[in-house]
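Student: Using the hints, position chain B against chain A.
From first to last, the protein sequence lines are chains A and B.
110 is the number that this note's numbering gives the last residue of the first sequence; the numbers go up by one with no jumps.
1117 is the number that this note's numbering gives the last residue of the second sequence; the numbers go up by one with no jumps.
Treat the hints with care, since some could be wrong.
Heads up, simulated DSBU-like pairs for lysine-lysine below, C-alpha to C-alpha not over 35 Å straight-line [stated by the list, open to error]:
1. A:LYS97 - A:LYS5
2. A:LYS97 - A:LYS56
3. A:LYS5 - A:LYS54
4. A:LYS56 - A:LYS71
5. A:LYS54 - A:LYS71
6. B:LYS1057 - A:LYS5
7. A:LYS97 - A:LYS71
8. A:LYS5 - A:LYS56
9. A:LYS68 - A:LYS56
10. A:LYS5 - A:LYS71
11. A:LYS54 - B:LYS1013
12. A:LYS68 - B:LYS1057
13. A:LYS97 - B:LYS1057
14. A:LYS54 - A:LYS68
15. A:LYS54 - A:LYS97
16. B:LYS1057 - A:LYS71
17. A:LYS5 - A:LYS68
18. A:LYS56 - B:LYS1057
19. B:LYS1013 - A:LYS5
20. A:LYS97 - B:LYS1013
21. A:LYS97 - A:LYS68
22. B:LYS1057 - B:LYS1013
Bear in mind the hints are in silico, worked out from the structure with no lab data behind them.
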Amino acid sequence: DQQVKQNSPSLSVQEGRISILNCDYTNSMFDYFLWYKKYPAEGPTFLISISSIKDKNEDGRFTVFLNKSAKHLSLHIVPSQPGDSAVYFCAASNYDKVIFGPGTSLSVIP
Amino acid sequence: KAGVTQTPRYLIKTRGQQVTLSCSPISGHRSVSWYQQTPGQGLQFLFEYFSETQRNKGNFPGRFSGRQFSNSRSEMNVSTLELGDSALYLCASSLGIGAGPPRDTQYFGPGTRLTVL
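Here chain A stands alone, though its shape is the one from the complex (with noise of 0.2 Å):
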């Protein structure tokens, strides 16, 4: 049963195009989300993250919304650059402990 859920393994999208990345969650406790970045062969790294409070949050190219209502969040990266090609986690976190999603690969095409 899968709490955090991102539906689309993979994504490709021309450079200097909007890359729109989303996650769905099941549990209306969950308060806080993160999304990290993964290069092959490294560990993620964190990325940006948004309280439940909060509906949007940005960072330089990176901008997370939240959509409470339908449990769901998007992470936006305008515009996208071939550097940007990584795995990308969703995570949600009910206080004291995280749920990462599946991740979804995306390639930047130059």
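Tutor: Relative to chain A, chain B alone:
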């Protein structure tokens, strides 16, 4: 500042054996968490240690255990290995301020790739 290191990077074992993985956190970090990554399953939380005490535990069988030393280094042990234990095992460290990793950015090591034959 050195990052999180994990040893060994690769390991091949046979069913029934046991294995110990090691994690050295970033200097000053007191919290260490362990995750199992398998294809299509994301990162499954194993346990978290803070100041030598297990603070949180995921839904894994008792064959998976861990410990943390006074210098914050942590080890994870898997006994009686099964084929399904083949995975990438990731360690993450954080300062440990507050209630735990969700409020406290985790820094991951490169992982140990365990293959069980």
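Student: Any hints from earlier that this structure breaks? Give me their numbers in increasing order, please.
Tutor: Hint check: 11 fails alone, others pass.
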